[in-house]
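> These protein sequence lines map, in sequence, to chains G and F. The first sequence maps to residues 4 to 506 in my numbering. The second sequence maps to residues 853 to 1202 in my numbering.
These are calculated hints, taken from the structure and not from any lab test. The structure displayed is predicted, hence computed values, not measured ones. Possibly wrong hints are sitting among the right ones.
Dumping the calculated PhoX-like pairs for lysine-lysine here, alpha-carbon to alpha-carbon at most 25 Å [what the hints assert, rightly or not]: (1) G:Lys219 x G:Lys373; (2) G:Lys169 x G:Lys303; (3) F:Lys925 x G:Lys153; (4) G:Lys169 x G:Lys309; (5) G:Lys303 x G:Lys163; (6) G:Lys163 x F:Lys955; (7) F:Lys1116 x G:Lys169; (8) F:Lys1116 x G:Lys309; (9) G:Lys163 x G:Lys152; (10) G:Lys351 x G:Lys97; (11) F:Lys955 x G:Lys152; (12) G:Lys163 x G:Lys351; (13) F:Lys1017 x G:Lys152; (14) G:Lys50 x G:Lys351; (15) G:Lys153 x F:Lys1116; (16) G:Lys152 x G:Lys219; (17) F:Lys1116 x F:Lys1017.
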Amino acid sequence: MSLGSVPLKYKVTIDREQCMHCMRCINNCSYGVFHREDDRIIIDSRKCTACHHCISMCPRDAISLQERPVDYRSHPLWTAEAREDIINQARTGKIILAGMGNAKPYPVIFDRLVLDACQVTNPSIDPLREPMELRTYIGKKPPRLEIDKKDNGDIEMLTKLTPNLKLETPIMIGHMSYGAISLNAQLSLAKAVEKTGTFMGTGEGGLHEAIYPYQKNMIVQVASGRFGVDINYLERGAAIEIKIGQGAKPGIGGHLPGEKVCQDVSCTRMIPLGSDAISPAPHHDIYSIEDLAQLVRSLKEATEWKKPVFVKIAAVHNAAAIAAGIARSSADAVVIDGFRGGSGATPKVFRDNVGIPIEAAVASVDQKLKDQGIRNKISVIASGGIRNSADIAKSIALGADAVYIGTGALIAMGCRVCGQCYRGMCPWGIATQRQELVDRLDPEIESEHVANLIRSWTLELSELMGAAGINSIESLRSNRSRLRGYMLDEGTLDVLQVKPVGA
Amino acid sequence: MCGIIGVIDRKRALMDGSSIRDALSLMNERGSGEGAGYAAYGIYPDFQDCYAIHVFFDNLVEPKSRVDHMLHKWGRIVHQEAIPTYEQDGLKRSHIPWRYFFKPYSDLMAGSTTPEDDVMKYIVMETNSNIQGALIFSSGKNMGVFKASGWPEDVANFYRIEDYKGYIWLAHNRYPTNTPGWWGGAHPFNLLDWAVVHNGEITSYGTNRRYVESNGYTCSMFTDTEVVAYLFDLLGRRHGLPEDVVVKALAPPFWDEIDNMPEKEQELNHAIRLTYGPALMNGPFAIVVATHEGIVGFTDRIKLRPLVIGENEDRLYISSEEAAIRVMDPEVQNIHMPRAGEPVIGRVIV
């Protein structure tokens, strides 16, 4: 215990009656909460992050954890967090780094939207007994089909379709780079998307050779640092994503602390061992929308117009107009990353204060594209804070074609959202490059967990659609008359174009 | 639950409205006496080059002067009159049905390949959205819709439907859940040459509506059926797709079926679903759509509403119930039920 420090965040206790001195907690805690003195396990609660690894491994359920055992005098404005941030910054003079998504208690719009179901006037459809179609195509669609009907009845198609990604479910896994997460973690995700017929992003971390067998399910990312980008990388991906921004840190580039840049990461990213990989805030070849259009075209040329190109932006106030600009380029999809989107490392002030919720962003993007008659030119992918199948159904009803999940997939592999990803000591073997920790994550088992998550959300989505009398996902898309807002203000209802409950 | 019936004489032999009235009345169990209507093609041979505009006016003062003013700006009124009506005990008159025979000026609509139709469409959208007390419910050439709130026989007698002679008839017996008592809510729905009768509830209405609205249509009837007319106008007229392709867009085969089609057919169906995903109509429905060239009947992809076909020489009948067809034509042959999503098309042969 250091003198003059702030109160403990967590208090760890061991039920000594239950404890059998197996010492598993000591071995499992990478943060060093437990150590052994003679026959006794000594606890240093100050080091605890509430990652729960010790608790999950204790054979006797002997470990308890309490949040904020000693608190400050309560105050509505000067919260414990506000005080501790100041104490921290007074000591260091630095920007506070944080992990995972926005942690402020803003209202969650998803939780104030309810879905519809059929009663009497139309029958609900039973997905156990009737076909239910969730297949989703991501990419440009023609505005209309031109055909030539011959006198003998044969139809010849004059319209040429551009390549689309075919998804068996509208759920993809977002970009989490090798570096931010371990190779075993990325491998688990890759196996999971292959099993479920969907796609995942590489993040700005290059493509490790171990992932090559899954490249047909990978979307390779080109971000402002251009880490890991070469023609081999572009050609291996099923699609290419240009990352302009991220919901957890709109307006700034990626951060990979040097602690996580091991030999393998340095090779895959093409950067020096142990160096911080701080991507520039803007792409230095994109200072305006026409520059973006040029980069899209360059990537298309490089890959012979065979691959869809996505552009990912953070959900900011003007997201709708930006998306309309992107739709006018050769890009095939725009990813909108809401302000609750996760991150391995982000300045806390950005994570908690910059950007807008995904629900509002998707609704306004879809509407703007429709108003301009260009909705077909681009697919819209919603991401950032999607926690369950209902959030997915609501995102699609607000206008998304598909969603990216990130944190949800990590939780399926063990993550407990302790928010210490940037420290590189993740005891679950996810956000770390320490081999002894990485080895804890078995890709065979964890890929099955992630695949199960995608499968179960897909099943739930089918049930929700069936209950609403819809047997094809395109009939849910932008079908805002099947949503109602509960305790949402008029302004928000207007943006979402959703009626209040009872109306 | 609603009752629908349609008939075409492929050689354009004219039928008066009495037999379809009787057929529709037979299906009164499918209605509630709060809406019925008829559409007929070939009824105005004397004005066949004019758009026959049927309007419900709340009064003939303010709304009518505004409609007159707009029509004068956009074209020439060749003839106008109140639509003849005859009081019925069981029918409360809520509006004054009026008709204009109108020729738009074709040079007023820039950048259109079908300027007359687009002027007419504009007038319909503008009137129905912005002129209080006026509702254009029929706007095709040499055709007309006759509808009101009431039982089929009362509505038919109100307009004396037997006085009209057409080679295509559609009729609808309504069981309303959405806008009971509103004359505009009765079927058939019409825009330009398209008339639609619909039994069902479109669960994809929000999606379809946003799609047609982003293509310049305004939904003003508070009911899902009007999007069917707009979808047919958009895909059939503006995109130039044949009826069977339009039906494939609105009620497409399942992906599993498409995956197993021969290559060329697969390519076409794949392209239709990708391009026209937002036009796919979900939920239970049976629909008959008509133009002056013929009728198309089809159901949703899993056939949650009934549709029966019958034929007798040049006549093709499409209805919710076989019994209704037999009332119209006791000698009817070849009664059968089309598969889900399969279009039944009857075209005029001339």
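> For each hint, tell me whether it holds in the structure or not.
Going down the list of hints, with the structure as the test:
Restraint check for lysine 219 of chain G and lysine 373 of chain G: not satisfied, since their Cα atoms lie roughly 31 Å apart, outside the 25 Å limit. This hinted pair checks out: lysine 169 of chain G and lysine 303 of chain G have alpha carbons roughly 19 Å apart, not beyond 25 Å. Restraint check for lysine 925 of chain F and lysine 153 of chain G: not satisfied, since their Cα atoms lie roughly 41 Å apart, outside the 25 Å limit. Between the alpha carbons of lysine 169 of chain G and lysine 309 of chain G the distance comes to roughly 14 Å, so the proposed pair stays at or under 25 Å and holds.
For the hint linking lysine 303 of chain G to lysine 163 of chain G, the alpha-carbon distance of about 17 Å falls within 25 Å, and the restraint holds. The straight-line distance between the Cα atoms of lysine 163 of chain G and lysine 955 of chain F is roughly 39 Å, outside the 25 Å bound, and the hint therefore fails. At roughly 19 Å between alpha-carbon atoms, lysine 1116 of chain F and lysine 169 of chain G fall within 25 Å of each other, so this suggested pair holds. With a CA separation close to 21 Å, the supplied pair lysine 1116 of chain F and lysine 309 of chain G stays within the 25 Å bound.
At most 25 Å may separate the alpha-carbon atoms for a hinted pair to count; lysine 163 of chain G and lysine 152 of chain G meet this at roughly 16 Å. Straight-line distance between C-alpha atoms of lysine 351 of chain G and lysine 97 of chain G comes to about 11 Å, which keeps the hinted pair within the 25 Å bound. Pair hint lysine 955 of chain F plus lysine 152 of chain G does not hold up; C-alpha atoms about 32 Å apart against a cutoff of 25 Å. Annotation: proposed proximity of lysine 163 of chain G to lysine 351 of chain G is violated, straight-line Cα distance about 47 Å (limit 25 Å).
A distance of roughly 33 Å separates the Cα atoms of lysine 1017 of chain F and lysine 152 of chain G; the hinted pair therefore is violated under the 25 Å criterion. For the suggested pair lysine 50 of chain G and lysine 351 of chain G, the alpha carbons sit about 20 Å apart, so the restraint of at most 25 Å is met. Simply put, lysine 153 of chain G and lysine 1116 of chain F have alpha-carbon atoms about 14 Å apart, close enough for the 25 Å limit, and the pair holds. Proposed proximity of lysine 152 of chain G and lysine 219 of chain G is contradicted: the alpha carbons are some 36 Å apart, above 25 Å.
With a C-alpha separation of about 44 Å, the suggested pairing of lysine 1116 of chain F with lysine 1017 of chain F is violated against the 25 Å cut-off.
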